[in-house]
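Could you fit the two chains together into a complex? Lean on the hints.
Going line by line, the protein sequences match chains A and B.
The number in this note's numbering is simply the position in the first sequence, starting from 1, with 362 added.
In terms of this note's numbering, the second sequence has 56 at position 58, counting the first letter as 1, and numbering is strictly consecutive.
Just so you know, these hints were derived from the structure itself, not from any lab.
There's no promise every hint is true.
List time: in silico BS3-like cross-link candidates among lysine-lysine, alpha-carbon distance up to 30 Å [as the list claims (entries may be wrong)]:
| # | chain 1 | residue 1 | chain 2 | residue 2 |
| --- | --- | --- | --- | --- |
| 1 | A | K698 | A | K591 |
| 2 | A | K583 | B | K27 |
| 3 | B | K27 | A | K584 |
| 4 | A | K565 | B | K27 |
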Amino acid sequence: MGRRVGMEVSIAAAEAVALVDVDVVAAYPITPQTHIVEHLSELVANGHLDAEFVPVESEHSAMSVCVGAAAAGARTFTSTSAQGYALMVEICYIASSMRLPIVMAVVNRALSAPISIWNDHADMMLARDTGWIQTVAENGQEVVDLLIHAYRVAEDHRVLLPVIVNFDGFILSHVIEPIELPSKEEVQKYLPPYKPLLRLDPKNPVTMGPVGVPEIYTEAKKAQDEALKNSKKVIIEAWDEFTKHFGRTYRPVETYKCEDAEIILVMMGSIAETAMRAVDSMRARGKKVGIARIRLFRPFPVEELVSVLKNARIVAVLDRALGFNGHVGPLCAEVKSVLFDHGLTPYVWNYIAGLGGRDVTVENFTEMVDMVEAKAAKKEPMGYEIINVRE
Amino acid sequence: MAKELGLHSWRELALGAAILTPGSASELKTGDWRSSRPVVDYEKCVKCGRCYILCPDMVYSPREDGYYELNYYYCKGCGICAQECPKDAIEMVEEGE
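So that you can see chain B by itself, here it is in the shape it has in the complex (with noise of 0.2 Å):
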């Protein structure tokens, strides 16, 4: 698990935790706090994109049929995508449920 959050043993830090690869935040998978995740019902998405151009860290991505597919590693619950979607078509729903 360590290493697929992008974690690494102390050893193999650089020199003062430095960051030796610009652009690299995308490596570090950081949404495990949240406490729920937004639940997309496809029947009801129009393919409109507002998820993926409001969400704040990088959740969805787009698929080629269209629609948007979610990556939870990234996700915060924040809940934006919920509240922005114009057709009700995400819900948020919470962890361990």
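One chain only, chain A, in its complex shape (with noise of 0.2 Å):
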């Protein structure tokens, strides 16, 4: 079996890129970039790993290296936050549409302005329908295991879309967690070798990325759609035989005393580990309180929402960006539509916590679930509200 020793998780984050063996790292190396990829220009620089590292001269360019590299077949990964991530949007969404299996570490800031380098959820949020697939980390373990994980979907023939694990920024990304790497045989046996369906090669010549006059496009957004849509089982069936070859298990959407539940905590990250918490002090109260970790953003696991949530009798969602379209946060307007969609109809209430690095406790957690209760008692209108906000 592997080792486990004490890792910063951004270090952790490249150990496991160079386990799986890329052969291409394009990345911006200036805030808000990590020491992912410093590390990994490191170990190449050092002859730890045989890849080609790019240094180029922003994150729309680091993007645009790993279409070109995942294009010609390349094994590739960058890694990016928040302002940089926004700058690199433009080339994720072609990245998707052109089916490339390339895989990033976004680590999640808040977006300027004010300046912040801190985490929220404000960046996940500008991309999350860029057609890439996204699976969210809450510990140092869980990001080497989703990023391993990462490869084997991507690259599966029956999925070939790009991946992105999220974890949340310094409260992740910069602290120092215990963490066991597999070794680089393991993950051999776990994923194969990149066999790209299609790529460039002079031999064989196509045109990637053409143009889709107004009688293409339609039809190509529709096969992007269903790929996406059909990625899940492929998801579920690689965390499966995860759990054959490394013991641990992940599900798209992870629960936490949610069995007899009657209060149910929805949220993304590492934010779910305090109010795990919390919920031990308020079972301890005899309160039914239960939370459901959002483990995949994309595709939303909309099945498995449902059958977590469909005895709730109160629903608060967490989201740690704002929506700015003044009734309901991001995370919170999709778990509504499910719920509607089901014919479900618990009380929903969207709290809007944690920006820009502002700590959430165990004790916001508890204050949380009593102001939810009194407003379903009082049946308040639904909505949002920003906690912990100084007046």
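Below, the structure is given as structure tokens:
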């Protein structure tokens, strides 16, 4: 088995990428970048990883290099955050439309202004509709596991879509956690070599990413949409295989004490680990509270969420980004859509918390549950509010 | 009509709408949005071939008798042929007339 070591999560992410033996890493190395690509450049420079490291002049170029390299048949990786991600988004749409199995770690950080390098999910929401498969990690081990899983999913010929592994900036990226890194042999047993279905080859010329006239564009998008929808079964299958190889289990929606829960909190990312402690203390006081954690953000885990939420009396959705639409946060909007489509009518309240690195504590969660219970009892019109904000 | 225009179901598109056959653009018949079409008066035509040479698409092709035949599937109605014809043998006629 692999070794268990104390390691900064960004370094562990880089080690995971080295374990999958990528061919090309392209990255812009300046803020808001993390240690992930810095460590990868060291691994390449020191001869520990036989890959091409391309230090580019922007995140836009980083993704462009990945598109070109993936089109040529290479296994590729990049990483970014926040403003860098925003600059990259144009090419993110192209990567998914061209069905290139690029893998990217997105270290979630707030978007400026005001200038922030701290954690929230504004950048994840900025690029939620780019057509990438997206998973969310809650701790360092999950970052490593989900990155290895990402390549297996992306390169599966039934999928061939790029995959993002999201994880929280600073709260995860810059902390040292105990992490079990598998051996390269173990990873190779789980992840077969990448065999492109289509690639740029002078001996067999093809045109990738051509013009899509109005007579073609709709069909191209329909094909892409079906590919994303159909990816879910492969994602789950790859997690099942992961359990067989490495012992850890992942599901599209993971639950904590939801079986008999009347109140269910829905959230994504590392904040769920704090929420679990709050649930334990509320359970000790007799409150039937549980947590539904979104592990698979794209494609959105509709059926799984329905089966978790179907008996809940109250649902509180925690967003770490504002919707800026005047009525609901981005995650809550999707949860409400799922509930409505399936005829479920719990009382739903939307909390916006943890913006730009603001701490969300165990006490905050118990307060949120108390408040949502009071609102539901009073039949207060459903809506959203930012918590932890000074008046 | 869809197949005739070189259009297929979304299920038949190559991965990422890639084009697998080089030089296959001629299979996509794109002349469905012109507002006027060139009509040749073969009485005036002197077989010079300027229309064939100057057409930016591939509307004109030579016939065995030396005249040029039109394939409107490629014609966007730009009118270059009518403008350049030295004998004024080509007239742009509005579509629908």
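Against the structure, the hints come out as follows:
1. K698/A / K591/A: Since the Cα atoms of K698/A and K591/A sit roughly 20 Å apart, the hinted pair holds (cutoff 30 Å).
2. K583/A / K27/B: Within the cut-off at roughly 21 Å; holds.
3. K27/B / K584/A: holds (22 Å)
4. K565/A / K27/B: Given pair K565/A, K27/B holds - Cα atoms ~28 Å apart, limit 30 Å.
The earlier numbered hints are all upheld by this structure, with none contradicted.
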